[in-house]
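Protein chains: 2
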Amino acid sequence: MNAHVSLNSEDSDPYQDNALVVAVVGATGAVGRELIRCLENRKLPVGELRLLASARSAGQLMSFRDTSLPVEELTGDSFNGCDIVFFSAGATLSRKYAPLAVRAGAVVIDNSSAYRMDSTVPLVVPEANANALAPHAGIIANPNCVAAIATVALAPLAQCWTVSRLNMVTYQSASGAGAAAMDELRAATQAHLANEPFEQKVLPHPYAFNLFSHNAEIDEETGYNGEELKVIAETRRILHMPKLPIGVTCVRVPVLRAHSIALSIRFDGYVSPEQVRACLAEAPGVRLVDDAAKNYFPMPSDATGIDEVLVGRIRTDLGDPSGSTIAMFLSGDQLLKGAALNAVQIAETLISANAA
Amino acid sequence: MNAHVSLNSEDSDPYQDNALVVAVVGATGAVGRELIRCLENRKLPVGELRLLASARSAGQLMSFRDTSLPVEELTGDSFNGCDIVFFSAGATLSRKYAPLAVRAGAVVIDNSSAYRMDSTVPLVVPEANANALAPHAGIIANPNCVAAIATVALAPLAQCWTVSRLNMVTYQSASGAGAAAMDELRAATQAHLANEPFEQKVLPHPYAFNLFSHNAEIDEETGYNGEELKVIAETRRILHMPKLPIGVTCVRVPVLRAHSIALSIRFDGYVSPEQVRACLAEAPGVRLVDDAAKNYFPMPSDATGIDEVLVGRIRTDLGDPSGSTIAMFLSGDQLLKGAALNAVQIAETLISANAA
Chain A
1 MNAHVSLNSE DSDPYQDNAL VVAVVGATGA VGRELIRCLE NRKLPVGELR LLASARSAGQ
61 LMSFRDTSLP VEELTGDSFN GCDIVFFSAG ATLSRKYAPL AVRAGAVVID NSSAYRMDST
121 VPLVVPEANA NALAPHAGII ANPNCVAAIA TVALAPLAQC WTVSRLNMVT YQSASGAGAA
181 AMDELRAATQ AHLANEPFEQ KVLPHPYAFN LFSHNAEIDE ETGYNGEELK VIAETRRILH
241 MPKLPIGVTC VRVPVLRAHS IALSIRFDGY VSPEQVRACL AEAPGVRLVD DAAKNYFPMP
301 SDATGIDEVL VGRIRTDLGD PSGSTIAMFL SGDQLLKGAA LNAVQIAETL ISANAA
Chain B
1 MNAHVSLNSE DSDPYQDNAL VVAVVGATGA VGRELIRCLE NRKLPVGELR LLASARSAGQ
61 LMSFRDTSLP VEELTGDSFN GCDIVFFSAG ATLSRKYAPL AVRAGAVVID NSSAYRMDST
121 VPLVVPEANA NALAPHAGII ANPNCVAAIA TVALAPLAQC WTVSRLNMVT YQSASGAGAA
181 AMDELRAATQ AHLANEPFEQ KVLPHPYAFN LFSHNAEIDE ETGYNGEELK VIAETRRILH
241 MPKLPIGVTC VRVPVLRAHS IALSIRFDGY VSPEQVRACL AEAPGVRLVD DAAKNYFPMP
301 SDATGIDEVL VGRIRTDLGD PSGSTIAMFL SGDQLLKGAA LNAVQIAETL ISANAA
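Chains as they are written, first to last, in the UniProt record's numbering: chain A, 1 to 356; chain B, 1 to 356.
It should be emphasised that the hints constitute simulated quantities derived from the structure, not laboratory data.
One or more hints might be untrue.
[Said to hold, decoys possible] Computed spacing ranges between beta-carbons, pair by pair: (1) A:Asp219 x B:Ser164: 38 to 46 Å; (2) A:Gly59 x B:Ser272: 54 to 62 Å; (3) B:Ser54 x A:Ser63: 52 to 60 Å.
[As the list claims (entries may be wrong)] Sample of chain A residues lacking proximity to chain B, with all beta carbon distances greater than 12 Å (derived): (4) Arg33; (5) Glu40; (6) Arg42; (7) Arg56; (8) Ser57; (9) Gly59; (10) Pro70; (11) Asp77; (12) Ala104; (13) Thr120; (14) Ala130; (15) Gly138; (16) Ala180; (17) Ser301; (18) Ile306; (19) Leu318.
[To be verified] Keeping only pairs whose Cα atoms sit at most 20 Å apart, straight-line, the calculated SDA-like set for lysine to any residue is: (20) B:Lys294 x A:Ala177; (21) B:Lys243 x A:Ser322; (22) B:Lys294 x A:Glu199; (23) A:Lys201 x B:Ala114; (24) A:Lys294 x B:Gln200; (25) B:Lys294 x A:Gly223; (26) A:Lys201 x B:Asn295; (27) A:Lys294 x B:Glu221; (28) B:Lys96 x B:Leu69; (29) A:Lys243 x B:Thr316; (30) A:Lys243 x A:Thr316; (31) B:Lys96 x B:Gln159; (32) B:Lys294 x A:Pro156; (33) B:Lys201 x A:Asn295; (34) A:Lys294 x B:Gly223; (35) B:Lys243 x A:Thr316; (36) B:Lys294 x A:Pro206; (37) B:Lys294 x A:His205; (38) A:Lys294 x B:Thr222.
In this text, all values refer to a predicted model and were calculated from it rather than measured experimentally.
Note that CB positions come from ideal geometry on N, CA and C, so glycine has one too.
Please model the complete structure; the sequences and the hints are all you need to start from.
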């Protein structure tokens, strides 16, 4: 067993019995609900599942496999006996409770931004940098959704060729701002269609048939917003390219739960669209959707509810006269690869490394 | 009077009487309706307005100023006595009827793609290249909506500094595919909210809370779609930069009638965001919406129904290590600056040059 991983079920092989005690902090949120679905559907051997949330949600019943489980209030004592705790309740709660979970002997997989740039905490997309998992001190960070979706396609390309620059322009769904934002998009749109007034409460701008620059705070020095700076820093970290020049524009669009990204990748020298297509055809977590004859390419409606990141529109970027830039278009489920699925895949990778 | 301009009302100053006989071909379409509104609201001296459309729409009444005008069927004889004919009924009809209108003595302002790349036909955005209007042979082309909106912001920058590359990623509204596509977006969204099935007829992909690569045919050689190639060719023509490297990704988003564009502009050398902001603050047709403190930037909801192109998020693009690229975000009304308004502005520029 990896000495850096502390799992309470030390004397049992988790692949031989359903030994893991797993907790989900933020169980009632958009990502929390998807975490529970992923734990139901995938191979992680869950023996006991604890659903944790604020006092407000405590007592609520949620289904898991054939049973109903009550949501419990998150406290400092919630983690006794836990092997793995997924956090998806914001950076403040992660900072407060993740160290308690680690002290109780659990491995924390944190979906918030709290630890992503902490050099002692691995930031992991298993298809891209599973090797970064090995030395950890109890906490593993799950990346920002745009960085997670993009690096699934970028990492295999960066393994084949030297990437010298990136440009990303995003089409981000409501789910990135939580379940309440998804509800607000539906309600605002319903009101718009009925020609009725609607007051936004979750997001700061009209959302029905509208889009807007991501509302994360703007950094005075660069003019980039907080979301864009996260995408830059985390993409660099996951790709192990700390100085890669990356331009990003993050935009919220009226789509429910899949993010899309228009991506330009500059290589050191010419790489053909066919080479890129061949590389991505073999890449784990990628599904090529690149049918020029039928004009069929990645779309949120197709990416919703599936594990793979859809990649298409692969072509030489005509904006780079050197011909060494490839343009492409991605769609990935924000709640799955952008959050819950990636977190569960991290746990699976960890457990399978321990079992080996 | 400019010898290249043939207006029937030769012996009268059109600014002294309401002398112009104006026709709108495609009067019942999304752009046609906006053309009529622009002709109502702006300074072009319209004495008589003829509304032309297919036989199917003939007889329909449309309001103009205080009267109701009947839609007439478009025929080869529709243009007798016309001074200006606006075409907005597709390239096939423009190719067939525009020469007849010119033969009848009218100036044609064509909103279709039929003549945009014809070197004998000016392609004009008045704020960007009004000087290109002068030598014409009766037809003036109104550009693609993305090219029109983008060049309002690009031309003043290209006048101040040398632009060496462009990258555009679009968020295009339903209106670009016509009034039927706008109706389809509303209906598909209504059905989605009611959890009812919906069959798309106008656009080829699900549109409710979804987005997709622009459905113009893909060019086999470049992998770019027809819309993207138009944007490249027309932007180059309007800016008088026939070899400017331009990368474009055109995407249809579930927005009703304003296009947005994430734009990166590479200059020959460093230009600061402040310099760009100062240049654009003085540029005709541009409204700066760049409030970082309030996180308030261009949005379709604000661009809808107004003449100006909104420009914001002006910052140094971190994807270019040389620091000579500026990123920005634009929103402009597709039916106004992207189509009807620009066409009427072309007519105004023409008339005012004749009157001078």
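Hints and how they fare:
no. : hint                            : in the structure
1   : A:Asp219 x B:Ser164: 38 to 46 Å : violated, 27 Å
2   : A:Gly59 x B:Ser272: 54 to 62 Å  : holds, 57 Å
3   : B:Ser54 x A:Ser63: 52 to 60 Å   : holds, 56 Å
4   : Arg33                           : holds, 19 Å
5   : Glu40                           : holds, 24 Å
6   : Arg42                           : holds, 27 Å
7   : Arg56                           : holds, 27 Å
8   : Ser57                           : holds, 26 Å
9   : Gly59                           : holds, 29 Å
10  : Pro70                           : holds, 29 Å
11  : Asp77                           : holds, 39 Å
12  : Ala104                          : holds, 39 Å
13  : Thr120                          : holds, 26 Å
14  : Ala130                          : holds, 27 Å
15  : Gly138                          : holds, 33 Å
16  : Ala180                          : holds, 16 Å
17  : Ser301                          : violated, 4 Å
18  : Ile306                          : holds, 15 Å
19  : Leu318                          : violated, 5 Å
20  : B:Lys294 x A:Ala177             : holds, 18 Å
21  : B:Lys243 x A:Ser322             : holds, 13 Å
22  : B:Lys294 x A:Glu199             : holds, 18 Å
23  : A:Lys201 x B:Ala114             : violated, 47 Å
24  : A:Lys294 x B:Gln200             : holds, 16 Å
25  : B:Lys294 x A:Gly223             : holds, 13 Å
26  : A:Lys201 x B:Asn295             : holds, 16 Å
27  : A:Lys294 x B:Glu221             : holds, 16 Å
28  : B:Lys96 x B:Leu69               : violated, 25 Å
29  : A:Lys243 x B:Thr316             : holds, 17 Å
30  : A:Lys243 x A:Thr316             : violated, 24 Å
31  : B:Lys96 x B:Gln159              : violated, 37 Å
32  : B:Lys294 x A:Pro156             : violated, 39 Å
33  : B:Lys201 x A:Asn295             : holds, 16 Å
34  : A:Lys294 x B:Gly223             : holds, 13 Å
35  : B:Lys243 x A:Thr316             : holds, 17 Å
36  : B:Lys294 x A:Pro206             : holds, 15 Å
37  : B:Lys294 x A:His205             : holds, 11 Å
38  : A:Lys294 x B:Thr222             : holds, 16 Å
Against the hints set out earlier in the document, violations occur for numbers 1, 17, 19, 23, 28, 30, 31, 32.
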